[in-house]
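In the order they appear, the protein sequences are chains A and B.
In terms of my numbering, the first sequence opens at residue 1 and continues consecutively.
In terms of my numbering, the second sequence opens at residue 1001 and continues consecutively.
Among these hints, one or two may not hold up.
Subject to a maximum C-alpha distance of 25 Å in a straight line, what follows is the list of computed DSS-like cross-link-like pairs (lysine-lysine) [as the list claims (entries may be wrong)]:
| # | chain 1 | residue 1 | chain 2 | residue 2 |
| --- | --- | --- | --- | --- |
| 1 | A | Lys-114 | B | Lys-1266 |
| 2 | B | Lys-1104 | B | Lys-1175 |
| 3 | A | Lys-262 | B | Lys-1133 |
These are calculated hints, taken from the structure and not from any lab test.
Note that the structure is a prediction, hence the values are computed from the model and not measured.
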Amino acid sequence: MEIVFQLFLDALLLSGFYTVLSVGFSLMWGVTGIINLAYGSFIILGAYLSYMIYMSGFDVLLFLPLIFILGFLLGLFFQALFVNRLMGYEPFTILVLTFGFDVVITNLLNLIFKADIRSISLPFENFSLFIADLILPLNRLLVFFFSLISLFALYTFLRYSWTGRAIRAVSLDPVGAQLCGIKPKRVFMISTGIAIGLALFSGSFYAMLQGFTPFESGWLTIRAFLICVIAGLGSVSGLAFGSFILSLFEVFSGFYLGEDWKDVVSLMLLIAFLTIRPRGLFGIKYHEKG
Amino acid sequence: MRKADLILLFLILLLFVLPLQINPYWLRLLTAFIFLSCLSYSHNLLFHFLGYPAFGGVAFFGFGAYTFSILYNHSTPLLLSLLLGGLSSLILSLLISPILMRLKSHYFAIATLAFQLCLMELAQNLEITGGTKGIAFNLPEYSNLIAFYSFLTLLLTLLMLTLFLDRSRLGLTMKAIREDETTALSVGINAVLYRSIAFMVMAFFLGLTGGVFSFWNAYVDASTLFNPMLSVKTFFILTLSLSLPTYGPLLWSFFFEMLFELLWSKFLMLHGLLLGIAIVLLILFFPRGFVWKRS
């Protein structure tokens, strides 16, 4: 019976990371209407960035803000130079474009770092907290803690700052927002910037949690998509709940059915949600924009 | 008959006699090109005529391929296994279409992709598909030629179907559904029926393509058959041929296969990177598809 509580706890800790992983994807999808298939490879890029920082002997945690800023600039650049040019064409072109980027980034990383599994070890890697019979590995606890902080910061930004409100306005009603003097292209740039920043940011969490290779981007993108489908677009707390559901399914199926079946279960969950409730549990709308 | 059709007919006649003259390397390349255009034309039945992007349509390709491989390995005759492979994909699509066909645009695209990945994981874990080891089989003599001509027959059928749909009332009806479903419904077109039939026809042809592919490849495993790269190649070609849906897939598959081969043979280390860059640049410059101007 105790194992159930342990699995529950594992799922809870994992869900923090999953929320950060999916929130950028959800922001970009909700605001610009783009499904960014390159999202997973940006996460892996963040993981390798952290690996480089780690190898040069610095503390990764101190560099987290810098990684976010770098990702933000990368996102601005990405949106302004490539995606903005294709807005308004057949939505499928952007899907293919982002997949092209996925191929480019994955292969670039493979050229530089080769396909070996890399990992980061934190100084307290092997320590764990014990509460009754439950085990709390410190690195997961730390990731969970940092996830909460960054999500809270994002929530505050979107809710109270002028830019955040402009982003939400464009996502709810693009035409109305334009009438109020908000420039959509600029908002697109900023939201993509934040999205890619968050992708790189969650990449360094990914590196702290497990080993990685350049070829894991596809599954990360699918996970982000899945969480957005479960939760629906437009609410950070909804995403947290969606992440918790996904991690519950993953942890439990991984334990009882074996690691090989974990992905099958998540994909079946995705298909089930798409069938029964495509706008998600907390989604505002199931829109066909883009 | 139009002028373009005559040129096409001539090219295809050329393709029929060519394999007897060229060396195995070029035969391989030519087959790869025809294989890619078969994939593209099958997807195009749903994508162009009804506007449904089955991004993970490769799921049916893989399913048909596995059915074929298992049957053929249990000494079923070649043609019968091929046909049963196609039929099995058709039945699969019949079963899954009530679920998938409720969705639209991006949701549909990603749901089919998820379905494809789901089948991939299943095939890697099940006994009957050989797990991660895959299935290999003994091929008869001239298997390369048999595969080439099967692919070519398939391509011809698909091409004729596309041309027929493009010019017939049936195709116009389908396009009407694509353009404005509400209006189409209001003039008494049964949109759901047309869509489901197109979906099943696509699955059938994909299943057949899968069967021939496994015969050609002589070995199948889950990561080859359900490879997302196949979906991407296909949709890259279809996006570029948006403005020329009938001949476009043929031309772009040829161009793309040659490009791929060139990158592969000349820049082995860099080819993935260059391929990605090529995809990005082509899409950026031709977002409406490559426009074919008549003089």
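**Request:** Check each numbered hint from earlier against the structure, then list the numbers of those it violates in ascending order.
**Result:** Hint check: nothing fails, all pass.
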